[in-house]
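Asker: Going line by line, the protein sequences match chains C and Z.
Reminder that position 141 of the first sequence reads as 123 in my numbering, one-by-one numbering, no gaps.
Adding 160 to a residue's 1-based position in the second sequence gives its number in my numbering.
Warning: the hint list may mix true and false statements.
[Unchecked claim] SDA-like, lysine to any residue: derived pairs with alpha carbons at most 20 Å apart:
| id | chain 1 | residue 1 | chain 2 | residue 2 |
| --- | --- | --- | --- | --- |
| 1 | C | Lys27 | Z | Val186 |
| 2 | C | Lys27 | Z | Ser241 |
| 3 | C | Lys27 | Z | Val358 |
| 4 | C | Lys(-14) | Z | Val221 |
| 5 | C | Lys27 | Z | Met217 |
| 6 | Z | Lys430 | C | Leu28 |
| 7 | C | Lys(-8) | Z | Val273 |
| 8 | C | Lys27 | Z | Leu197 |
| 9 | C | Lys27 | Z | Ser195 |
| 10 | C | Lys27 | Z | Ala214 |
| 11 | C | Lys(-9) | Z | Lys430 |
| 12 | C | Lys61 | Z | Leu222 |
| 13 | C | Lys27 | Z | Trp189 |
| 14 | Z | Lys193 | C | Val29 |
| 15 | C | Lys18 | Z | Pro205 |
| 16 | Z | Lys193 | C | Pro17 |
| 17 | Z | Lys386 | C | Leu28 |
| 18 | Z | Lys386 | C | Trp(-5) |
| 19 | C | Lys(-8) | Z | Gly203 |
| 20 | Z | Lys386 | C | Gly25 |
| 21 | C | Lys27 | Z | Trp200 |
| 22 | Z | Lys430 | C | Leu15 |
| 23 | C | Lys18 | Z | Val202 |
| 24 | C | Lys61 | Z | Tyr211 |
| 25 | C | Lys(-9) | C | Arg23 |
| 26 | C | Lys27 | Z | Phe207 |
| 27 | C | Lys61 | Z | Ala380 |
| 28 | C | Lys(-9) | Z | Gly203 |
[Said to hold, decoys possible] Reference excerpt, derived from the structure (chain C facing chain Z, CB under 8 Å, subset only):
| id | residue |
| --- | --- |
| 29 | Lys(-14) |
| 30 | Arg23 |
| 31 | His34 |
[As the list claims (entries may be wrong)] Here chain Z is said to cover these stretches of chain C; the calculated rule only asks that three of the stretch's residues, wherever they fall, bring their Cβ under 8 Å from a Cβ of chain Z:
| id | segment |
| --- | --- |
| 32 | 10 to 22 |
| 33 | 53 to 67 |
For the record, the hints were derived by calculation from the structure and aren't laboratory data.
Ideal Cβ positions, reconstructed from N, Cα and C, are used throughout, including at glycine.
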Amino acid sequence: MSWKIWSLKKSVWVFHVNTGACNNCDIEIVDLLTPKFDVERLGIKLVGSPRHADALLVTGGVTRQAAPRLREVYRQTSKPCVVFAIGACACDKGIFTTGYHMVGPVDKIIKEIDPNAIIAYVPGCPPKPEAIISGVVTALSVL
Amino acid sequence: MTQAIQNLFWLLIFPGFVFTVCLGLVASWIVRKVSALVQWRVGPPFFQPFYDVAKLMGKEVLIPEAAQRVVFQVAPVVGLSGALLLSTMLWRITIDPTKLFVGDLIVAIYLMVLPSLALILGSSASASPHASLGTSREMKLVMGYELSLVLALIVVLIKSGGQLSLAAIAEQTPVLSISGLLAFLVALLCVQAKLGFVPFDIAEAETELGSGVLMEYSGALLAVWKLVHAMLLVALPLFLVTVFLGGFTGAFWAGIVKYVIVLVLLILIKNTNPRVRIDQAMKFFWSYCGVVMAVAIILAVIGNYYGISWL
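Build out the structure end to end from the sequences listed, making use of the hints.
Answerer: Listed below in structure tokens is the structure:
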């Protein structure tokens, strides 16, 4: 394991992208930063710019309006980075499977521009904060 | 030749780069840990700032298409050199005050403003609307606090009888008089603004500007900015200790206690205040701190003229 991957695992800065979520998953993500879960003890920090990010937390099935923006945000993120699809909608469109405004789940949109992207899935409607932490830890141990 | 090698050693290894960076990263861990404790959290592990910098060093460096490439890449190095010279100078005076002339108060004022100027240059070269807003705020903030800081240092100069050398200034303790105490409090707030801590984190403004001035920096360039910030976290409180609190001239451990007290004061101000708007910050520094400093200067002049040491 190279020192780059080792240090990436020790300090993961996440950027939160909402591509048409109902806000339920977003609230669970904000929960992670509260004193009860406090992900800063694992080195995880929320940052305001995709340039600083190591992980994109994407919530919501991707709408037509949001798809080009999601691609742009992914291009702006400095590599290596991990994409997390948080929630049922982001993993597989959820209850909006037949929605006219949906262009596809997160992995499809990301793989259009980068076939080798690392994508992790945390299902649930919404996923519990414990599930998100477990997803992040599992994805990083595979890296 | 040996003199040149020794100077290089001072700059790069012992009081300079390696030592100050390690100390600065530990100080930034203290900032994050104490903030976490104030918010009833556990906080990051001890080596977290080291992991962060190592990780940023290994990441891809992205430069925006519309950016001024050279200025964008040189600015962090300029900021780093300013912080490096400042901290080396202050440590040299702290460790061995009688050895030789290494710099005075005027040099320190110039070196302290260099990282802010480099930040303004770098962020305005990055061609990002968020960064340009951050730049304009940072410029106004620098104009705001520089006046108060220089006025506070004039009080120190009056107290020291016009001695500019930092080693001579470190011999006395201006904070034990009324005017010196006022000057110390104002200078503490100026350092708060220089470090970009809440309530003066207007230029970074995590909530509405993303990360403002640092918006477009990524990878190793961002790591250099983190190092600059870590070094300033050592150098600026050390500057306050040297100028206002009598430096390390007494017992060495007393100097360390003074440094920790200044650092904890900065962290507590950071954690108990909301962010102010840029116009409020300028009004605060010019109207309120300016008036306080005018009173302090008059008191110091009177005290100096009649020989009253506590004024």
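Asker: Compare the structure with each hint and give your call.
Answerer: Here is how each hint holds up against the structure:
no. : hint                   : verdict
1   : C:Lys27 to Z:Val186    : holds (18 Å)
2   : C:Lys27 to Z:Ser241    : violated (28 Å)
3   : C:Lys27 to Z:Val358    : holds (18 Å)
4   : C:Lys(-14) to Z:Val221 : holds (14 Å)
5   : C:Lys27 to Z:Met217    : holds (17 Å)
6   : Z:Lys430 to C:Leu28    : holds (19 Å)
7   : C:Lys(-8) to Z:Val273  : violated (34 Å)
8   : C:Lys27 to Z:Leu197    : holds (16 Å)
9   : C:Lys27 to Z:Ser195    : holds (14 Å)
10  : C:Lys27 to Z:Ala214    : holds (16 Å)
11  : C:Lys(-9) to Z:Lys430  : violated (29 Å)
12  : C:Lys61 to Z:Leu222    : holds (9 Å)
13  : C:Lys27 to Z:Trp189    : holds (14 Å)
14  : Z:Lys193 to C:Val29    : holds (18 Å)
15  : C:Lys18 to Z:Pro205    : holds (17 Å)
16  : Z:Lys193 to C:Pro17    : holds (13 Å)
17  : Z:Lys386 to C:Leu28    : holds (16 Å)
18  : Z:Lys386 to C:Trp(-5)  : holds (14 Å)
19  : C:Lys(-8) to Z:Gly203  : holds (14 Å)
20  : Z:Lys386 to C:Gly25    : holds (16 Å)
21  : C:Lys27 to Z:Trp200    : holds (17 Å)
22  : Z:Lys430 to C:Leu15    : holds (19 Å)
23  : C:Lys18 to Z:Val202    : holds (9 Å)
24  : C:Lys61 to Z:Tyr211    : holds (17 Å)
25  : C:Lys(-9) to C:Arg23   : holds (13 Å)
26  : C:Lys27 to Z:Phe207    : holds (15 Å)
27  : C:Lys61 to Z:Ala380    : holds (12 Å)
28  : C:Lys(-9) to Z:Gly203  : holds (17 Å)
29  : Lys(-14)               : holds (3 Å)
30  : Arg23                  : holds (4 Å)
31  : His34                  : holds (6 Å)
32  : 10 to 22               : holds (count 3)
33  : 53 to 67               : holds (count 4)
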